[in-house]
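Chain order of the listed sequences is E and Y. Residue 15 is where the first sequence starts when you use the numbering used here, and the numbers rise one by one after that. Residue 28 is where the second sequence starts when you use the numbering used here, and the numbers rise one by one after that.
Because the hints were derived from the structure by calculation, they are not lab data. Cβ coordinates follow ideal geometry from the N, Cα and C atoms, glycine included. Keep in mind that a hint or two might mislead.
Claimed, not checked - To give an idea of the chain Y side of the interface with chain E (calculated C-beta under 8 Å), a few residues:
| hint | residue |
| --- | --- |
| 1 | GLU102 |
| 2 | GLU262 |
| 3 | VAL264 |
| 4 | ALA266 |
| 5 | GLY269 |
To be verified - With a Cα cut of at most 30 Å, we get these calculated DSS-like pairs of lysine-lysine:
| hint | chain 1 | residue 1 | chain 2 | residue 2 |
| --- | --- | --- | --- | --- |
| 6 | E | LYS579 | E | LYS639 |
| 7 | E | LYS16 | Y | LYS104 |
| 8 | E | LYS16 | E | LYS30 |
| 9 | E | LYS30 | Y | LYS119 |
| 10 | E | LYS640 | E | LYS579 |
| 11 | E | LYS16 | Y | LYS268 |
| 12 | Y | LYS119 | Y | LYS104 |
| 13 | Y | LYS104 | Y | LYS182 |
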Amino acid sequence: MKTFFAVARREVVEKKFVFAAAAVASLIPFAVPLVRSMSAASAREARGFAALLFATTVSNGVALALGASIFAGDLANRRSGFYFSRPISAAALWAGKLAAALAIALASVAIILIPTFLADRGLAPLRGVEGGAAGAALAFTGSLLFVLLAANAASLIVRSRSSIAVADLAALTAIGFAAAAVTARLWRVMPDPPLFLRTVLLGSGLAVIAAFLAGSYRALAAGRTDLYAAHRAFSATAWSLLGGAAVLFAAWAAWVLAAPPSSLDSLSGALPLGSAGWVSLDGRARSARAGFLYDSRSSRFLRTGGGPIVASEDGSVAAWVEGETAVQGPWHLRTLRLEDRGAVPADPKISFRSRPELFLSSDGDRLGAIDFGLLSIFEVFSGRSLGSVRIAVPPRDVASARFVGPGTVRIFRSSIAGVTALRPDMQILEYDVAGRTLAQAGATESLPYWGMMLINRAGDRFVSSRTFAGTRITLRDARTGAVLATLRQGPPLRSTLSRFLSDGRLVLALGDNSASWLEVFSPSGEKERRIEIGGSGRLRPGPEVAAGRLAVAWIRDLPGGRQAKPVLEIADLDRGTAAPVADGLVPIGDWWWSREGPAPGSEASKLFLDERGEVVRFDPPTGQKKVVLGADTNR
Amino acid sequence: MTTTTTASLAPGFESAPAPAMSKEAILEARGITVRYGRATACENVSFSVAPGEIYALLGRNGAGKSSLVRCLLGEQKATRGEARLFGLDSWKARARTLARVGVVPEEPDAPPAMSASQIADFCCRLYPSWDGASVERRLSRFGVPAEVPFGRLSKGQKGQVLLAMALAPAPELLVLDDPTLGLDVVARRAFWDEFLEDLADRGTTALVTTHDLAAIEGIATRVGILKAGRLVLDEEVEALKGRFRRIRYANRMTETRTAFGSELDAFEAVRVRVRGWGIDAVVSNWSEGEFERFRQIDGVEGAETAALTLEEIFVAVAGEPALAEGEAR
Chain E
15 MKTFFAVARR
25 EVVEKKFVFA
35 AAAVASLIPF
45 AVPLVRSMSA
55 ASAREARGFA
65 ALLFATTVSN
75 GVALALGASI
85 FAGDLANRRS
95 GFYFSRPISA
105 AALWAGKLAA
115 ALAIALASVA
125 IILIPTFLAD
135 RGLAPLRGVE
145 GGAAGAALAF
155 TGSLLFVLLA
165 ANAASLIVRS
175 RSSIAVADLA
185 ALTAIGFAAA
195 AVTARLWRVM
205 PDPPLFLRTV
215 LLGSGLAVIA
225 AFLAGSYRAL
235 AAGRTDLYAA
245 HRAFSATAWS
255 LLGGAAVLFA
265 AWAAWVLAAP
275 PSSLDSLSGA
285 LPLGSAGWVS
295 LDGRARSARA
305 GFLYDSRSSR
315 FLRTGGGPIV
325 ASEDGSVAAW
335 VEGETAVQGP
345 WHLRTLRLED
355 RGAVPADPKI
365 SFRSRPELFL
375 SSDGDRLGAI
385 DFGLLSIFEV
395 FSGRSLGSVR
405 IAVPPRDVAS
415 ARFVGPGTVR
425 IFRSSIAGVT
435 ALRPDMQILE
445 YDVAGRTLAQ
455 AGATESLPYW
465 GMMLINRAGD
475 RFVSSRTFAG
485 TRITLRDART
495 GAVLATLRQG
505 PPLRSTLSRF
515 LSDGRLVLAL
525 GDNSASWLEV
535 FSPSGEKERR
545 IEIGGSGRLR
555 PGPEVAAGRL
565 AVAWIRDLPG
575 GRQAKPVLEI
585 ADLDRGTAAP
595 VADGLVPIGD
605 WWWSREGPAP
615 GSEASKLFLD
625 ERGEVVRFDP
635 PTGQKKVVLG
645 ADTNR
Chain Y
28 MTTTTTASLA
38 PGFESAPAPA
48 MSKEAILEAR
58 GITVRYGRAT
68 ACENVSFSVA
78 PGEIYALLGR
88 NGAGKSSLVR
98 CLLGEQKATR
108 GEARLFGLDS
118 WKARARTLAR
128 VGVVPEEPDA
138 PPAMSASQIA
148 DFCCRLYPSW
158 DGASVERRLS
168 RFGVPAEVPF
178 GRLSKGQKGQ
188 VLLAMALAPA
198 PELLVLDDPT
208 LGLDVVARRA
218 FWDEFLEDLA
228 DRGTTALVTT
238 HDLAAIEGIA
248 TRVGILKAGR
258 LVLDEEVEAL
268 KGRFRRIRYA
278 NRMTETRTAF
288 GSELDAFEAV
298 RVRVRGWGID
308 AVVSNWSEGE
318 FERFRQIDGV
328 EGAETAALTL
338 EEIFVAVAGE
348 PALAEGEAR
């Protein structure tokens, strides 16, 4: 320690002229406001900026100059023998010189900033800086250390004039490209790409600092008075450490990208695709955004870019888009034949500016996409465009569409009026794919958000629900928008979910502050019966586990706004009874909003999520329950 | 015409035999080889310096002296072999062992911006014992201004400052790497006087590399000669001077003598020059008895012998004579 301080003190004493130069520079900011007449506040700003500018410039210049000279300069000028012929350990010499250089650079910052700081009682440009003064100081110190070490490395390489410099350049290029390639791959799946990039840059900076610190120490300890040996030691140490870091980074990236669906630790979406057992899973796995197509029968899975996946009604085709990043386009279409066990995702070479809303024809041969208000129809696997028409002007309009036959697309378009959440009238349009013509077919009166409606499988009816000064739920003709039946009109309800059944009937899952119940309606909208489920809470209607038998999860309210463990009940819609069959299970999927559920009794109708987010196969008649995708599967 | 002939070196001079290492040796070189790329600075050099010895390591420019010294001080890693100081590995235990060593380098390497007093102030924090008064005394005696930056001192003054710093911690070993290189006669004299005074006071052990052979001759107790990177001689000075002699004689044809050239066979002739008046040879195994027998050889006339200076021995051993016309080996 004694020798460390002796070395550091010697360095500081030798470079004390820097302090004098900084003292002179500290006065310059006071002259800046004199250039133009300014208000006091503007003068403070100008002074503050000038002081920060000078401090940054001078300190980085000092770090650059000292970095280039403290070690390599002594070696090249044959002055390192002065230290190495004395009882100074390499560690003390290295640490003493480095600490002194950093201290000199930091002291120059302080000397320049202090007069302005005292005069203005702070530095105006720094007020309100995120992370505070301590964070800024730490970041600045890190950047100075980086400059110091980088200058030392460059100086050593240049001064040694050895052929190792070629290897240095090759190593730097290889490591840089490898890190960039790995970053680019991860960038696509990270939930917050800018944050990830900042983290990578920070991590890279720290890795370079650590590698160059170790390299500069090894250069001094192993090279001593031999410049060539110092260069060799630096290169071997620094590049092996950085190379090792790059390999670790690549290994981590490979591990992240190879995450199986069982590693999903935060499930943000689970959706049955068709009735055969395919499930779309969306969430985070190993810190990255991950989407999967998962076959609950075979445990086969395929990773997607995350985000919504749509499937044809017959369950034969799935389609989705993958962006350049998890949140940024352009978005490239991918399709997969679900029934072909060996199929791999197809790339029809179709890209979109924004994340489009996709929908498939019932047989999966055609795909519709709404991208920035433009409706386009494609043949799924050839990628051939069948037609394109502008149906909305975003952001004023929002639109949704679906095939109502192979050649017709029905479009539901609303416009946003002002800042209110309510939309004006919804227009129903039809696009004839063969004739490439667009015509208005119908309209509705003011409806709330179009997503609050549920369209049946045939696409000829829909349920709309409006909760505004009361709840009004209507069954409508999907072509004209005409009201076929008013299913409910009355005081506001807490929960108003609906569900078309396989036989054309309709179920509403309703709840208020005292009770939760189901109401069953005929296909034409006549009420058949009410089935009580329980007290206050929320109902999540699920699939028909058999014709006329609906799974529904009841999540009871607890005091303090908490919710109880879900209770899965099976409602016999014909008899008007309901009985609990399992605890902790909820129906998989969010299809009660806008999609049809799987066929009654199908593999998909038996899939539920448990409290841990595991996909569970549950057979109500037998009570058999098996985790098909969870923490203990597919690992 | 003068014909210069160099006899082949005695077998022992091709590479001095590795000495048996004393357990008490203060400094040891064990088979040290230093290479810079394809160039070899020194090859398999072994010798040791015992306590109290003044070891003069001699060699022509580029013979590998400085590389060897840096290895011995742990400043540079030998390509092969090992250097030991006070029984410890010089490379590994450099900082520990150098607390007992004073070093004057070939090139004055102190930071040019530091004055002698600042250098002393820095150095005094590094050594367990530091005689600051001796530094002041010596600087004063040398007439070196203590506050003038090192870089602005004359070469002689720089050497004197570094000697003062080397002697201040009262080292057990002094390593002087050609310390008088480039100094004028007066500065050289002052330097050696100071060195001698310290030797007289404390009996310091020293390793000295120098080209100032006249000065070191009276100081060194042992000498090693490096030639093209190899240690070709390692011996006590007195013994060396005892066995190296110059022999001058004239060769005459007699009735019984029909050939020349074999009269020196009994000696290990290091160098033989044929001059107009006769033969001038330097031999490395001179002895009184052998010389008496030599004088009796038929045709050898006027044989006389003379002692050699260290410089003459060095030239004979390490010199590469210009090849003259008619040279024979």
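Verification of the supplied hints:
For GLU102 of chain Y, the interface hint holds, the least distance from its beta-carbon to any beta-carbon of chain E being 4 Å, beneath 8 Å. Checking GLU262 of chain Y against chain E: minimum C-beta separation of about 28 Å lies over 8 Å; hint violated. Interface hint status for VAL264 of chain Y: violated, as the beta-carbon distance to the closest one in chain E is roughly 26 Å, over 8 Å. Interface hint at ALA266 of chain Y: violated, since its Cβ lies 32 Å from the closest Cβ of chain E, which is beyond the 8 Å cut-off.
A cut of 8 Å between beta carbons decides the hint on GLY269 of chain Y: the least distance to chain E is about 36 Å, and the hint is violated. For the hint pairing LYS579 of chain E with LYS639 of chain E, the CA-to-CA distance comes to about 17 Å; that is within 30 Å, so the pair holds. With a C-alpha separation of about 26 Å, the suggested pairing of LYS16 of chain E with LYS104 of chain Y holds against the 30 Å cut-off. About 21 Å separates the Cα atoms of LYS16 of chain E and LYS30 of chain E, which keeps this hinted pair within 30 Å; it holds.
Between the alpha carbons of LYS30 of chain E and LYS119 of chain Y the distance comes to roughly 34 Å, so the proposed pair goes past 30 Å and is violated. Between LYS640 of chain E and LYS579 of chain E, the direct Cα distance comes to roughly 19 Å. Compliance with the 30 Å bound is thereby established for this hinted pair. Pair hint LYS16 of chain E plus LYS268 of chain Y does not hold up; C-alpha atoms about 48 Å apart against a cutoff of 30 Å. Straight-line distance between C-alpha atoms of LYS119 of chain Y and LYS104 of chain Y comes to about 10 Å, which keeps the hinted pair within the 30 Å bound.
About 29 Å separates the Cα atoms of LYS104 of chain Y and LYS182 of chain Y, which keeps this hinted pair within 30 Å; it holds.
Consistency note: the structure conflicts with the earlier hints numbered 2, 3, 4, 5, 9, 11.
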